[in-house]
Amino acid sequence: MANLENLYREVIMEHYKNPRNKGLVEGLGYHIKHIKNPSCGDDVTIQTKCNEGVIEDCRFEGSGCSICCASASVLTETMIGKKVEEAEAIAHNYLKMVSNESIDPSIDLEEAEVFAGVRLFPARIKCASISWKAFLETIKK
Amino acid sequence: MSNPNWRQEFPQIKNGLVYLDSAAMSLKPQRVIDAIDHYYQDLSVNIHRGLYPISVEATDLYEQTREDVATYINSEVEEIVFTRGTTSSLNLVASSYGLANLNEGDEIIVSELEHHSSYLPWFEIAKKTKSVIKFVPLTKEGRITVDHFKTVLTEKTKIVALTYVSNVMGFITPVKEIVKLAHSIGAIAVIDGAQALPHLKVDVKELDLDFLAFSAHKMLGPTGVGILYGKKVLLDRMDPIEFGGDMNDDVTLTDATYKDTPYKFEAGTMPVAGIIAFSDTIEYFNRYSVKEIESYCMELHIYALNQLKEIEGIEIYNPNSDTAIISYNLKNVPPHDAVTYYADQNICMRAGQHCAKLVTRFLGIQSCLRVSFYLYNNKEDVDRFVSTTKEAISFFKNMGF
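For the protein sequence lines, the chains are E and W, in the order given. Each residue of the first sequence is one higher than the one before, starting from 1 at the first, in the working numbering. Each residue of the second sequence is one higher than the one before, starting from 142 at the first, in the working numbering.
Think of the hints as simulated: they come from the structure by calculation, not from any bench. This structure is a prediction, so every number in the text was calculated from the model and none was measured. Careful, some of the hints might be misleading.
[Said to hold, decoys possible] The list that follows gives simulated cross-link-like pairs (lysine-lysine, DSS-like), each with its CA atoms no further than 30 angstroms apart: (1) W:Lys450 with E:Lys17; (2) E:Lys22 with W:Lys472; (3) W:Lys432 with W:Lys450; (4) W:Lys498 with E:Lys33; (5) E:Lys83 with E:Lys49; (6) W:Lys531 with E:Lys17; (7) W:Lys275 with E:Lys36; (8) E:Lys17 with W:Lys372; (9) W:Lys400 with W:Lys291.
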């Protein structure tokens, strides 16, 4: 039960209920990636705009479980303003963290750290990963 | 009434496991595991080829299963084709019979209750043959009725591909009347029996079925084994879709001929161990009639349903299910969040679209939770499920859902 409470940290619930940067926008220079998990219904689209090597905007649209939606919201807040290389390193580190693989402690995951509880729930790794994987696709060169 | 033997025959039930996902996969009784063990420990050789005693024994056991299945569903022995599962069985009918017999403008009747394996093979064949998919309009509750079926049956209908029991709603399709109507205009019926065989006694002659597909793993049998029953006259007219070892008769530089039904459909090395062990499953159903099993499952089902209905904060999508399946959601809680709570308590159930996206679409939901009861469950399982449901509701409420 303690693990479960740790999974649904306040910050996660707050993002789930009040998602940031939700809703896609029209505009030039955005890269977009849509990923679906057909077995559970998670469905996320990530939209990213880079300008001179910096993530200028990052947005999401989608539906799914709380972990899926909150991790998309946290992703967007984490990434806006980051250099692309930095953003990429954070995303890879985050994906390792939720998969319970060893991470690079020198990389600050900032608020995304709250998803550390996911690693004790292997069935939920996909939920926490889907939007971050989509994000990596949007910044692929 | 529960039979005291049932639960104890399933070695998987230990350490407080509450298994409520039988509609996806049933547990296996010890005797089925022993039969698989016997094959690997003592035989472990191929069938139909060896001329030595252990191969002869393996072949005999393999063919014994065919006889047992035929007797069980009241077909002829040669009308039983072994496959990898219901999915393979239905794909075989669509890719062989469907491709050869459908023409532009012909109609295939399906329903929104179909599992993807009873819909996608026909969807693809329809594209290839330019035939047309038609959906039986479901009742408000989500049922296929004879009257609704009549509204889509036309002179152009060639195939009626329907589920016997819905894997999400648990409703039983009035197959006998529908097949009769289909035959009256010369169409053939392909019935997905994956959810039916674990719960109903199916007599293919009485129902006059043309094709029936089902899987061993949903009825206490091993994984990787399926059955396609087909009327011999239809199977004889069908070409194999897989070519290779064992299924051929003669091969020359310029020609090849193939074995008779059903062997022409069993190419390569089949899942011999599983097929042999499936005989023990059939024996199980012969020993404890499926009617007896089903009435016990429904007893548990009603016991669970009556308690669930009293709980605030639950939405049940099939309160009138004919079989022991409950599809529901906790209000305001995405099913994947909810299922994690149950899983944490060692209660196994399903959350998602259940390979039946047309059903969740019909219900107007993304996905849902599903529990299903089988003969090895007991009232204590239901009690734990119900009390965990109540705890989950208050947990998620406290978390802010």
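Consistency of the hints with the structure:
no. : hint                   : verdict
1   : W:Lys450 with E:Lys17  : holds, 28 angstroms
2   : E:Lys22 with W:Lys472  : holds, 23 angstroms
3   : W:Lys432 with W:Lys450 : holds, 26 angstroms
4   : W:Lys498 with E:Lys33  : holds, 22 angstroms
5   : E:Lys83 with E:Lys49   : holds, 12 angstroms
6   : W:Lys531 with E:Lys17  : holds, 23 angstroms
7   : W:Lys275 with E:Lys36  : holds, 27 angstroms
8   : E:Lys17 with W:Lys372  : violated, 56 angstroms
9   : W:Lys400 with W:Lys291 : violated, 39 angstroms
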